[in-house]
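Protein chains in written order, with the working numbering: chain R, 235 to 588; chain A, 235 to 588; chain G, 235 to 588.
Worth flagging that the hints you see were computed from the coordinates, not collected in a lab. Careful, some of the hints might be misleading.
A pair counts as met if it fits within one copy or between any two copies, since identical chains are not told apart.
As the list claims (entries may be wrong) - Think about it this way: if two alpha-carbon atoms lie no more than 25 Å apart in a straight line, the pair counts; the simulated BS3-like pairs of lysine-lysine are:
#1 LYS256 - LYS378
#2 LYS556 - LYS256
#3 LYS531 - LYS313
#4 LYS378 - LYS531
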Amino acid sequence: MSFVRNAWYVAGWSSDFGNELKALTIVDQTLVMFRCADGALVALEDRCPHRQLPLSKGKRIGDTIQCGYHGMTFGRDGKCVRVPGQDNLPASAYVETYPVHEQHQIVWVWMGDPDQADPDDIFDLPEFSDPAWQAHQGSALHIKAHYLNVAENLVDPAHVSFVHPTTLGSAASENVPVHVRANDDIIVAWRWIRDAAPVGFFQDFGGFKGHVDRWHYYSLHLPSTAVIDFGSADTSLNLAEDDRDAGVRIFALHFVTPVTEDYTIDHWMHLRNTAVGDSEASERMDRMFEVAFAEDKAILEAIHLEEMRPQKRRPIRLAIDKGPTVYRKRIRDLIEIEVTENLGAVRSTFVQHD
Amino acid sequence: MSFVRNAWYVAGWSSDFGNELKALTIVDQTLVMFRCADGALVALEDRCPHRQLPLSKGKRIGDTIQCGYHGMTFGRDGKCVRVPGQDNLPASAYVETYPVHEQHQIVWVWMGDPDQADPDDIFDLPEFSDPAWQAHQGSALHIKAHYLNVAENLVDPAHVSFVHPTTLGSAASENVPVHVRANDDIIVAWRWIRDAAPVGFFQDFGGFKGHVDRWHYYSLHLPSTAVIDFGSADTSLNLAEDDRDAGVRIFALHFVTPVTEDYTIDHWMHLRNTAVGDSEASERMDRMFEVAFAEDKAILEAIHLEEMRPQKRRPIRLAIDKGPTVYRKRIRDLIEIEVTENLGAVRSTFVQHD
Amino acid sequence: MSFVRNAWYVAGWSSDFGNELKALTIVDQTLVMFRCADGALVALEDRCPHRQLPLSKGKRIGDTIQCGYHGMTFGRDGKCVRVPGQDNLPASAYVETYPVHEQHQIVWVWMGDPDQADPDDIFDLPEFSDPAWQAHQGSALHIKAHYLNVAENLVDPAHVSFVHPTTLGSAASENVPVHVRANDDIIVAWRWIRDAAPVGFFQDFGGFKGHVDRWHYYSLHLPSTAVIDFGSADTSLNLAEDDRDAGVRIFALHFVTPVTEDYTIDHWMHLRNTAVGDSEASERMDRMFEVAFAEDKAILEAIHLEEMRPQKRRPIRLAIDKGPTVYRKRIRDLIEIEVTENLGAVRSTFVQHD
Chain R
235 MSFVRNAWYV AGWSSDFGNE LKALTIVDQT LVMFRCADGA LVALEDRCPH
285 RQLPLSKGKR IGDTIQCGYH GMTFGRDGKC VRVPGQDNLP ASAYVETYPV
335 HEQHQIVWVW MGDPDQADPD DIFDLPEFSD PAWQAHQGSA LHIKAHYLNV
385 AENLVDPAHV SFVHPTTLGS AASENVPVHV RANDDIIVAW RWIRDAAPVG
435 FFQDFGGFKG HVDRWHYYSL HLPSTAVIDF GSADTSLNLA EDDRDAGVRI
485 FALHFVTPVT EDYTIDHWMH LRNTAVGDSE ASERMDRMFE VAFAEDKAIL
535 EAIHLEEMRP QKRRPIRLAI DKGPTVYRKR IRDLIEIEVT ENLGAVRSTF
585 VQHD
Chain A
235 MSFVRNAWYV AGWSSDFGNE LKALTIVDQT LVMFRCADGA LVALEDRCPH
285 RQLPLSKGKR IGDTIQCGYH GMTFGRDGKC VRVPGQDNLP ASAYVETYPV
335 HEQHQIVWVW MGDPDQADPD DIFDLPEFSD PAWQAHQGSA LHIKAHYLNV
385 AENLVDPAHV SFVHPTTLGS AASENVPVHV RANDDIIVAW RWIRDAAPVG
435 FFQDFGGFKG HVDRWHYYSL HLPSTAVIDF GSADTSLNLA EDDRDAGVRI
485 FALHFVTPVT EDYTIDHWMH LRNTAVGDSE ASERMDRMFE VAFAEDKAIL
535 EAIHLEEMRP QKRRPIRLAI DKGPTVYRKR IRDLIEIEVT ENLGAVRSTF
585 VQHD
Chain G
235 MSFVRNAWYV AGWSSDFGNE LKALTIVDQT LVMFRCADGA LVALEDRCPH
285 RQLPLSKGKR IGDTIQCGYH GMTFGRDGKC VRVPGQDNLP ASAYVETYPV
335 HEQHQIVWVW MGDPDQADPD DIFDLPEFSD PAWQAHQGSA LHIKAHYLNV
385 AENLVDPAHV SFVHPTTLGS AASENVPVHV RANDDIIVAW RWIRDAAPVG
435 FFQDFGGFKG HVDRWHYYSL HLPSTAVIDF GSADTSLNLA EDDRDAGVRI
485 FALHFVTPVT EDYTIDHWMH LRNTAVGDSE ASERMDRMFE VAFAEDKAIL
535 EAIHLEEMRP QKRRPIRLAI DKGPTVYRKR IRDLIEIEVT ENLGAVRSTF
585 VQHD
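Bound-form chain R, shown alone (with noise of 0.2 Å):
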C-alpha cells in the first residue's frame, strides 16, 4: 500500500458541504459526509456493519444517519443509536469516524490514527489571510493516475518547458538548471530564467512588454500539497531571489487527494499579489490554468496506463529528478514508520478483544 493515512488530505471546499450525505473516498477508504445543524462536519465510515450497504444511501434524520435498508442508526461519533426490531446496541455496532478541520474554506480530513491528528499541522500561509492578497478557489481535477506521479509533477519544473509551452513555459528555460532543497516537512524545487520574453500567463496578466525575470519556486509538503509560487518581474529591477513579492506573484495550491491507487482529485486554487478583488481576472486566471492542467492530466494519465503494463527495464533518473526523487524516498518513509506503528496497534487491538 502506497498511503500515508496519518496526513489531513482535502476533502473538498466547504462549499462542498451541506446537509445531503455526501460519499468520499480518501486513501481507499468510503467516508460519508455531512454538515450538522452547529455547522461542524462529520465524516463517517461509508459502510453499515450490518449488511454493508454505503451510509451515503440512507437517509440523514438530524445529526443521525439512518441506514436505507434496515434501519440502522448511528450518531456524529460513530456510535449506534437505534437498531430497529431490538433493544439492545450490541458493542460492535458503530462505524469510524474520522476527523474534520476546516480552514480558509477548505475542509481537511485525517485519515489516520485519530489520537495524532493536530489541526495545528495543517498546510498554511499568512497570505491566505494578508489582504494585499487575493485568494481564489479553481476547482477539482480528476486524474486516473497515483498520486504519487501527480505530486511528483508538482516538485518537478523541468517538465514546464515541455508540457505547458503555451501557457505557463517556454523554451527558454528548457536548459536552465533546477536547484533542490529539502527539510522534513518540504521539498523545494527552483528555478530562475532571466532576461526572457513573457511566457503566455503574464504576458495576459503582468502586462509586461520587455524581458522579465521569471522564477518558479515547486514547494511539495508532505505529504501531497503543492505550492507553486511563480512570477514575473521586469529584468531591469534585477530582482533578489527573495524579493519575489515586488514582481508579480501567484501561488498556485494544489491539494492532492489519494482516492484509490488509480485515482486521484487535485483541488487547486490560487493566492496571487495583483488583480486583488477583480473577479473577472480570477475567472480568466482559472481558464488558463485549466487549460494547463488538462495538459497535465492527459500526461499522468498516459503514464499511468504505461506503468500497467510489463517493465523490461528499470526506468533511468536524470539530473532534474531530483525533486521527485526525494519526495519517493520521503513518502516511503512514512509509510514504513506507519505500518512499524500499525504492527503494535494491530497486536494491541487483539489483545484488548480476545
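Using the hints provided, position chains A and G relative to the given structure of chain R.
Okay, now just chains A and G, sitting in the frame of chain R:
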C-alpha cells in the same frame, strides 16, 4: 462455488420461448433453448464441443441445431447427428441436456444430476388454478448482485419499512418484531402490524379508509423461490392469523435465478384474491411492484459493490436476521451435500473413462 | 506467451504512415512509427525510458522524437540525442528499434532479434508485379480474439459453407473432403467442388451461367499470413488442378497481426486475374469481402469469449481439423525454439551487465 445445482430454476415465462434459439445462463452454465415441433422445450449446453462456438449462434434445422462454424449438428437429446466431412460420429460429440418442465406458463430447468430431476418437486400453489384467484405474470428484474443477497432480501420483512416506505411499508412497522419458522424446504418470516393506517399499496387496492391489520409472510422455498403473502383487513374484523383469505390478499412470487456470482434474474408475478379478471388492475399493480423492486435493486447492487471491497470487520448480526441466517445455513448444507455427491460422481466417471 | 517474435508482421499499408507519429501495438509491444525525411520508415519502442510516457505523445523534431514530458529526445536509431538540464547522455538513455521494410505498399516490422531480420524472408508473390493481375488493398479487420484462432480460420476451408453460405460458400461443399499438405513454412488445405452452381461471389464476378468447378486453396505462411486462392471455371473446361489461371482466380490475402492476447488485426487485400484496372470492381469486391469477414469476426469473437469461460471438457478434433492442428503444432515449435534461444540471450545479457 455457491450454487445449488440439484434444483429447478426458472428460465422464463412460457411466452419467452418459441422456435428461435434462445441463449441464457443459469448457475454459470450457458444454455441454448428452443421449442420443438411437438411443443416441448429443450435445453442444451450452449457450446459446441468442437471449437466452442455457442450453439445459439448456429441455426435450427427441424429439432436439431447446426453449429454456425463447421456445421456439427445436435439433436434434442444432445447427441451429434452429423459431422460434415466425415462419416463416423465420435462418442465425445455430444452436448449436455438439461431437463425442462413447464407448469402454469412458467419454464423450469433442472441444473443438476438429471437422475434426480423430479417435476413433482417443482414449486406449486393451489391458488394458481383457483378461479377465486387471479394469476398475473409481471416481469424479470436483472440485478447485478449475488443471488444469496437477492433471496435473503425475500425472507427479510424488516427491510420493508426502510426500503419501501412509500409503497409496501411504513414507519408503523419499523419496530414490530419478526417471527421465523423453518422446516426442511421452507423458511417463513412474518409479522403482523395491527391497527395502523393502510400503506400506499392497500390505499390503492383495498379501498381501505380506516385502520387495518396488515400482514407480511415471507416464505422462501429452497433454493430461491419466494412467496410474499401480504395483505390487509379492516381492523374491526380482528382477523385471525390463519384467516387471511378473508382480507385483501396478495402473493408476490419471486423466482430467483442465479446467473453468475455477480448477476441474478428475479422473475416476478403475483396471485391475488381481489380484482379477479381486471387486467387494468394487474397493470397498475405491476407499476407499483416495479417501483418497489427498483428500490430493492438499488440496495442490492450497492451492497454487491461494497462486498467486493476489502472487509476489515465481520458484518454484525441482528435480531431481525433470523430468516436470512437460517436461509444461508440451509444453502451451505445443500451445497455441501452436492459437493460430497459430486466427488463420488467424478470418481465413477474417471473409472468409466479410464 | 503465444507469440512468435522472430517474424515480420504487417504494421499497415504504406499509405497509413506519414510524417505524424503513429502509435501501434504488435505482439504486445507498443511501437511509435513515422516516415523520416528520406522516406524511410522507423519503428521505435513507444516508451520513454525516463518516466514511461509513450513517445507517440511527444513531438517530432526533424527525424527525432522529443518526449512530451521532459523533452528527452531520441534519434531514428533509438539513441538519446538530448537530455534537457544536463550535458551527458547516459548509456541507458535509448529506446529499442525494430527493423521495418516496405514492399508492394505494405509495411512490415520485425519484432524479434534484429540480427535475424532478413527482408528476403518477407512474404511475396510474383502476381504482385504481374501486369495480368490486379492488386487491391482492402482494409483492416479488428477482431477481439486470439490471433491463433484468426489464423487457424484461414487454413480451414470447412467453415466456408456454414459461416459464409451467401457469399463465399454454399451447401454443395458441406461434405467435400479437405486435403492438407505442409512443408516447413506453409500449410495448405484445399478442396475442389466440381460441377456445382456458382456461389454468390462468382455469380457476380465470373458471369457464370451454368455449373462451375470451384476451388479453395488456403495457404497459411507461418506465422500468420494467409493466401486464399479461390476461383471458378466452367465445368465444361474440366480444369486440371494446376491450371487454375485459366479460370477466374482470386487471391485473398490476410496479414494477421497479433496485437495482444485478446486482440488481432487482419489487414486484407486481394490479387485477381480478372477485371484488371477496373476500380469499380475492386470496390464491389471489397463490399463482398466485408460482408464475409464480418461473419468470421462474429464467430471468432464469440469463441474468444467462450474460451475465457471454464472448460469442463477438452475440445474434440474432427477430420476437417488437419490444417489447424498442423498449424498450431508448428507455432508451438517456433515459440519453443525462441524460448530456448532467449534463455541463452538473457544469460549473456546478464553477464554483460554484471
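Hint by hint, here is what the structure shows:
| no. | hint | verdict |
| --- | --- | --- |
| 1 | LYS256 - LYS378 | both (21 Å within a copy, 23 Å between copies) |
| 2 | LYS556 - LYS256 | neither (39 Å within a copy, 32 Å between copies) |
| 3 | LYS531 - LYS313 | neither (40 Å within a copy, 28 Å between copies) |
| 4 | LYS378 - LYS531 | within (8 Å within a copy, 29 Å between copies) |
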